[in-house]
Every structure is written in structure tokens, then in C-alpha cells.
Amino acid sequence: MRILNLAGRRLAASIPTLLLILIGIFLLLQFAPGDTVDAMMAQMGGGDAATARELRQFYGLDLSIPMQLGNYLWRLVRFDLGFSSIYGKPVATVILERLPPTLLLMTASLSFAFFAGLVLGVIAARGVNKWPDTLISTLGLIFYATPSFWFGLMAIVVFSVYLQWLPAGGFEDIGAASTGLARTLDIASHLVLPTLTLGLIFLAIYLRIMRASMLEVLNLDFVRTARAKGLDETRIVVRHVLRNALLPMVTLIGLQAGTMLGGSVVVESVFSLPGLGRLAYESVVQRDLNTLLGIVFVSALLVIAVNFLVDLLYARLDPRISAGT
Amino acid sequence: MDAIKRYFRSPAAIVGLLLLLVVIGMAISAGWFYPRDPLSLAGRPLIWPFSNPRFLLGTDNSGRDIAAQIFHGARIALLIGGAATVIAVVIGVLIGAFAGYFGGWVDTVLMRITEAFQILPNFVLLLVLVAVFGSTLTTVTIAVGIVSWPAPARLTRAEFLSLRNREFVQAGRTLGMKDLQLILGEILPNALPPVIVYASVVMAVAILLESALAFLRLSDPNVASWGNLIGLGRDVLRVQWYVAAIPGIAILLTVLAVSLVGQGLNDALNPRLKGR
Numbered sequence: 001m002r003i004l005n006l007a008g009r010r011l012a013a014s015i016p017t018l019l020l021i022l023i024g025i026f027l028l029l030q031f032a033p034g035d036t037v038d039a040m041m042a043q044m045g046g047g048d049a050a051t052a053r054e055l056r057q058f059y060g061l062d063l064s065i066p067m068q069l070g071n072y073l074w075r076l077v078r079f080d081l082g083f084s085s086i087y088g089k090p091v092a093t094v095i096l097e098r099l100p101p102t103l104l105l106m107t108a109s110l111s112f113a114f115f116a117g118l119v120l121g122v123i124a125a126r127g128v129n130k131w132p133d134t135l136i137s138t139l140g141l142i143f144y145a146t147p148s149f150w151f152g153l154m155a156i157v158v159f160s161v162y163l164q165w166l167p168a169g170g171f172e173d174i175g176a177a178s179t180g181l182a183r184t185l186d187i188a189s190h191l192v193l194p195t196l197t198l199g200l201i202f203l204a205i206y207l208r209i210m211r212a213s214m215l216e217v218l219n220l221d222f223v224r225t226a227r228a229k230g231l232d233e234t235r236i237v238v239r240h241v242l243r244n245a246l247l248p249m250v251t252l253i254g255l256q257a258g259t260m261l262g263g264s265v266v267v268e269s270v271f272s273l274p275g276l277g278r279l280a281y282e283s284v285v286q287r288d289l290n291t292l293l294g295i296v297f298v299s300a301l302l303v304i305a306v307n308f309l310v311d312l313l314y315a316r317l318d319p320r321i322s323a324g325t
Numbered sequence: 001m002d003a004i005k006r007y008f009r010s011p012a013a014i015v016g017l018l019l020l021l022v023v024i025g026m027a028i029s030a031g032w033f034y035p036r037d038p039l040s041l042a043g044r045p046l047i048w049p050f051s052n053p054r055f056l057l058g059t060d061n062s063g064r065d066i067a068a069q070i071f072h073g074a075r076i077a078l079l080i081g082g083a084a085t086v087i088a089v090v091i092g093v094l095i096g097a098f099a100g101y102f103g104g105w106v107d108t109v110l111m112r113i114t115e116a117f118q119i120l121p122n123f124v125l126l127l128v129l130v131a132v133f134g135s136t137l138t139t140v141t142i143a144v145g146i147v148s149w150p151a152p153a154r155l156t157r158a159e160f161l162s163l164r165n166r167e168f169v170q171a172g173r174t175l176g177m178k179d180l181q182l183i184l185g186e187i188l189p190n191a192l193p194p195v196i197v198y199a200s201v202v203m204a205v206a207i208l209l210e211s212a213l214a215f216l217r218l219s220d221p222n223v224a225s226w227g228n229l230i231g232l233g234r235d236v237l238r239v240q241w242y243v244a245a246i247p248g249i250a251i252l253l254t255v256l257a258v259s260l261v262g263q264g265l266n267d268a269l270n271p272r273l274k275g276r
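From first to last, the protein sequence lines are chains A and B. With the first letter of the first sequence counted as 1, position 102 gets the number 102 in the numbering used here; the numbers rise by one all the way through. With the first letter of the second sequence counted as 1, position 260 gets the number 260 in the numbering used here; the numbers rise by one all the way through.
Mixed in with the good hints there might be a few duds.
What follows is a list of derived Cβ distance ranges for each label pair [to be verified]:
hint	chain 1	residue 1	chain 2	residue 2	range
1	A	97	B	142	32 to 40 angstroms
2	B	142	A	138	31 to 39 angstroms
3	A	185	B	109	45 to 53 angstroms
4	B	31	A	142	37 to 45 angstroms
5	A	10	B	31	50 to 58 angstroms
6	B	106	A	247	51 to 59 angstroms
7	B	51	A	129	38 to 46 angstroms
8	B	192	A	230	46 to 54 angstroms
9	B	51	A	305	51 to 59 angstroms
10	A	255	B	14	29 to 37 angstroms
11	A	255	B	29	35 to 43 angstroms
12	A	313	B	193	53 to 61 angstroms
13	B	3	A	230	39 to 47 angstroms
Here are the simulated lysine to any residue pairs, SDA-like style, with alpha carbons at most 20 angstroms apart [claimed, not checked]:
hint	chain 1	residue 1	chain 2	residue 2
14	A	130	B	11
15	A	130	B	12
16	A	130	B	9
No wet-lab data here; the hints were simulated from the structure. Where a beta carbon is used, it is the ideal one built from N, C-alpha and C, also for glycine.
Given the sequences, and given the hints that come with them, work out the whole structure.
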């Protein structure tokens with residue numbers, strides 16, 4: 001019950017922020033040269049001014065800016081994100097179609113980065129200032145400095161072009177049209193390189209945080225007590241240290257959710273995955289502002305949702321948090 | 001002086017400084033070694049590196065000298081990274097200082113705005129800004145600065161919260177100093193060092209953001225940016241992979257240098273936090 005209470009309060013607190021984002025973005029887009037109708041006319045190969053006026057009236061673009069903003073927010077409340085002239089579908093439909101690959105990619109990268117970071121961080125902390133620590137920390141620094149799109153391209157050169165182990169792009173083989181297990185394996189093999197690429201920078205961050213928080217917890221009194229009781233090191237790490245050292249790692253998931261969504265724009269473009277990130281890129285290139293605004297809205301919702309889940313997880317890991325509020 | 005001695009005790013910090021000096025050296029000497037426009041045609045397209053002494057690093061798809069683009073690209077990377085960092089730190093320090101000093105509703109409002117910027121994915125916001133304001137060198141730099149200020153703002157606010165009721169501030173208040181005087185003259189100098197150290201992180205991310213934007217061909221196409229070159233190299237990736245590989249290494253080393261120097265400064269200035 002306490003957890004639900006906490007969750008409800010967090011969600012309510014995020015509504016003003018969300019509103020602020022939407023108003024800000026809406027006003028920002030007023031500066032954009034050209035509007036949806038201009039884009040549509042260009043798509044149709046030009047047209048006369050009368051048609052343009054009619055279309056503007058139809059889309060409510062002839063109203064004053066506060067009226068347009070009011071209309072827009074009222075439509076958002078009903079989850080109506082408008083119509084994408086470029087894709088010829090409602091924006092909500094386009095986004096829903098593109099959401100699954102992105103969510104799959106984000107979950108896979110996050111899990112990879114989290115667990116690999118955890119394991120490497122623990123190994124580094126256990127052998128602090130010895131060669132495994134130096135090696136792992138150096139690798140972490142290099143991963144952090146690697147541009148993800150470049151890593152993706154180099155991975156394609158090595159694993160797709162020369163070794164031919166993995167596909168270079170796409171979400172699944174179109175020709176195969178397989179079902180069930182074969183299809184799952186096909187999609188999985190397409191996702192290996194994007195997952196590594198997107199996860200790399202987060203792996204670097206997670207391993208650094210894990211190493212630091214392990215070192216901190218290893219010095220606390222209760223660890224000394226456990227050692228004094230004669231428990232062996234592995235047991236101490238697994239049973240006592242890990243749970244406490246995990247807290248900063250979990251916080252980080254929430255903080256990084258937005259960065260990860262942003263990163264998927266680049267990674268999805270490198271591997272031509274039909275996801276939300278690639279959609280964002282396409283709508284910038286084609287000036288489909290309705291869709292772009294919809295993506296911003298959905299991204300903000302996603303980040304808020306991830307933070308909400310992190311709060312729940314946090315309360316489970318450390319009961320003091322929910323008891324304290 | 002102790003701090004300088006501590007800085008040079010760490011091998012990683014020395015390596016970082018040397019790397020950074022190399023990059024700065026490349027940026028300064030670009031006009032000297034490669035006086036021609038780096039985007040002008042220089043020879044046959046797609047000459048492999050080290051196969052022709054005139055083009056040490058080879059040529060790209062349209063026959064432009066890659067080495068010249070790497071040298072001139074160092075200028076662009078440092079320019080955009082540096083300027084965007086200054087913008088981000090100035091905005092962040094101002095907002096963080098006011099929020100932390102005044103507290104109350106000022107803090108609430110400013111922190112809500114900061115939160116809004118943090119919830120929006122950096123890169124998506126950057127795309128929106130570029131879509132709206134276009135992608136010249138200036139707009140891209142400002143846009144990168146605008147998406148990067150929330151973290152310095154939070155850091156500054158935390159510093160101000162812990163400093164605003166210290167004795168030296170209260171002494172100033174008793175002397176009748178105005179709020180602005182206290183913020184700029186008394187608290188800010190004490191709050192600034194951790195923010196300056198953190199600026200290295202902002203700069204590393206700024207360089208990566210611009211290169212990603214350039215890779216997607218949404219940055220300024222008229223400058224020799226490393227990201228632009230990688231974007232070009234992508235078209236010939238399957239056979240001439242070196243076109244994309246070389247500028248990527250340049251970005252990697254520059255970002256690594258900036259991070260190492262930042263970490264070294266941090267360890268040198270806050271010796272108790274070493275190893276965190």
C-alpha cells in the first residue's frame with residue numbers, strides 16, 4: 001500500500017513537468033520555417049494558394065497560437081497525436097508500429113549493460129589496484145569515449161562483412177517469413193550488434209559506478225562483522241554487499257533512460273532498424289513536425305514510466321525508502 | 001602547487017594531458033600543414049592510407065585528403081565542444097545558483113524546468129532544435145549547449161545549498177551585501193571548482209553529440225567535421241572501411257583525452273575522493 005502511495009505521488013508530480021515539456025516544444029516549433037501544410041504541398045508536388053488555405057483551415061493552423069496550443073493539449077489528453085501527412089496515418093498508429101523494436105533494443109541493451117557492468121565492477125573491486133582492475137577500468141574509459149555509431153560501423157565491418165556471422169542491418173529477414181522459434185532466433189541475431197553498440201557506453205558507466213559502490217560498501221562495519229563471523233568472501237559479496245551496492249546502479253537506470261532513447265536514434269539509423277529512433281530521424285529530415293512532437297511526447301512518457309518502475313524497485317531493495325515517506 | 005604535483009603523479013592524467021596537447025597541436029597547425037581547404041578535391045578518390053606519400057591517411061569517396069580533414073576536424077571538435085561547454089556551464093551555473101540561493105518557489109520553478117529538460121532525451125531535443133533552427137556551425141553549437149546544461153545546474157544548486165548559510169555568507173549579509181553580490185562575489189567562487197571539473201564531462205559528451213549529429217548529416221555540411229567524414233565513409237563501408245575508421249579513432253582519442261584530464265583534475269583537487 002505504501003509503495004502504491006509513493007508511486008501515485010511520483011506520477012502526480014510528473015504531470016506539471018510533462019505539461020511544461022509539451023508547451024515548450026509546441027512554442028519552439030512555432031519558430032520552424034514552414035508547417036505541415038507546406039510539407040504536404042511539397043509532397044503533392046505543389047498546389048495553389050486556395051488549396052493551402054483550405055488545408056490550413058482543416059488542420060486548424062489558421063487559429064491563434066494559444067488556441068492551437070489549447071487544441072493540441074486537449075487532443076493529447078485523449079491520446080490523439082494528430083495525423084502524419086508523410087506516412088498517411090495517424091501519428092499514434094505510426095508510433096505504435098515503431099515502438100516494439102525500440103523497446104526490445106532498449107531492454108536488451110540495458111540488461112546487457114547492467115549485468116556485464118555488475119560482473120566487471122565486482123571483479124574490478126575485488127582486485128582493486130591489481131591488473132584485473134587496471135584492465136577493466138581502462139576498458140571502461142575507452143568504451144565511454146567511443147562514439148556508438150562508429151563502434152556500430154566497425155562491428156558491421158568485422159562481424160558482417162569479414163566474418164559474416166551476423167546480419168548488417170534490418171529487424172528480420174523479410175523473405176524468410178518464418179514463424180515461432182525460427183523467427184525469434186532471426187530477430188535475435190539481428191539485434192546482437194545493435195544491442196552491443198547501444199549498451200557499450202552504459203556498460204562503461206555501470207561498471208564504474210558498481211566498482212565505486214562495491215569499494216564503499218566493502219569498508220562498512222557490517223561487512224567487517226560478516227568477515228569476523230568467518231564467512232568466506234564470495235558469500236559476503238553475494239549475500240551482504242551486492243544488495244547494498246546495487247542501489248546506485250538502480251538509480252542510474254532511471255537517469256539513463258532518456259540518454260538511451262536518444263542513443264537509439266543513432267544506433268537504429270546505423271543498423272536500419274524500423275524503430276522509434278529512426279522514425280524521429282526520418283521526421284526531422286522530412287519536416288514531419290506532428291510526428292516529431294508525438295515522439296517527444298511518447299519519449300517523455302517512456303522516461304517517466306521507467307523512473308516510476310525504478311522507484312518501485314528501489315523501494316523493494318531498500319525498505320527504509322518507502323517507510324520514510 | 002600540491003594539486004599540480006598530485007596531478008602529475010597519476011599516469012592516466014599525464015597520458016590524457018599529452019593526448020589533449022596533441023589534439024590542440026593538430027588544431028593549431030592545421031592551417032600550416034594543410035593550407036588548402038580540407039574539403040577541396042586533392043587527388044584520386046579512395047586511395048588507401050600509407051599507399052601514397054602525398055596522402056598519408058588516404059583520400060575519401062570524392063578524393064579529398066583525409067589527413068587534412070582530420071587536422072581541420074580537430075579545430076571543429078574543440079571549437080564546438082569548447083563553446084557548447086561554456087554555454088552549458090553558464091546557463092547551468094546561473095540557474096543552479098539562483099535555485100540554490102533563493103530556495104522556495106524560485107527553486108521549485110527552476111528545478112521543474114531542469115527536470116523537464118532531463119526527462120526529454122538529449123539527442124531527441126537536439127534533433128528538434130536542429131530541425132527548427134537549421135544546422136549551421138553556430139546553431140549546432142548553441143543547440144548542443146542548450147541540451148547539456150541540466151547536470152551543471154544540479155551540481156551548482158547542490159553546492160549553493162550547502163554554502164548559502166555558512167558563516168562567511170552570513171557575515172557578508174550582516175555587512176549589508178546585496179543578494180547578487182553574495183551570489184557572484186562570495187558563494188560562486190567557492191562553488192565553482194567542482195563545476196569546472198565537471199565541465200570535462202560536459203565537453204566529452206558535447207563532442208560525441210556533435211559527431212553523432214554530423215554522422216546523421218544533420219550538422220553543418222560545410223565544415224570538415226570528423227562526424228561528417230564518418231557519415232561519408234559509411235557509403236563505402238564494405239570495402240573502404242578506413243574512411244570511417246580513421247575519424248572515429250580521432251573522436252575516441254579526443255574524448256578520452258578530455259575525460260582523463262577531467263578525472264586527473266578531480267583527483268588532484270579533491271584528493272580525498274580519489275578512486276571514486
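Evaluated hints:
1. A:97 - B:142: 32 to 40 angstroms: 34 angstroms, holds
2. B:142 - A:138: 31 to 39 angstroms: 35 angstroms, holds
3. A:185 - B:109: 45 to 53 angstroms: 52 angstroms, holds
4. B:31 - A:142: 37 to 45 angstroms: 31 angstroms, violated
5. A:10 - B:31: 50 to 58 angstroms: Between residue 10 of chain A and residue 31 of chain B, where Cβ atoms are some 55 angstroms apart, the hint holds.
6. B:106 - A:247: 51 to 59 angstroms: At 31 angstroms between Cβs, range violated.
7. B:51 - A:129: 38 to 46 angstroms: 44 angstroms, holds
8. B:192 - A:230: 46 to 54 angstroms: 50 angstroms, holds
9. B:51 - A:305: 51 to 59 angstroms: 53 angstroms, holds
10. A:255 - B:14: 29 to 37 angstroms: 31 angstroms, holds
11. A:255 - B:29: 35 to 43 angstroms: Between residue 255 of chain A and residue 29 of chain B, where Cβ atoms are some 40 angstroms apart, the hint holds.
12. A:313 - B:193: 53 to 61 angstroms: 35 angstroms, violated
13. B:3 - A:230: 39 to 47 angstroms: 44 angstroms, holds
14. A:130 - B:11: 15 angstroms, holds
15. A:130 - B:12: 15 angstroms, holds
16. A:130 - B:9: Satisfied, since the Cα-Cα distance of roughly 18 angstroms is no more than 20 angstroms.
Of the numbered hints stated above, those contradicted by the structure are hints 4, 6, 12, listed in ascending order.
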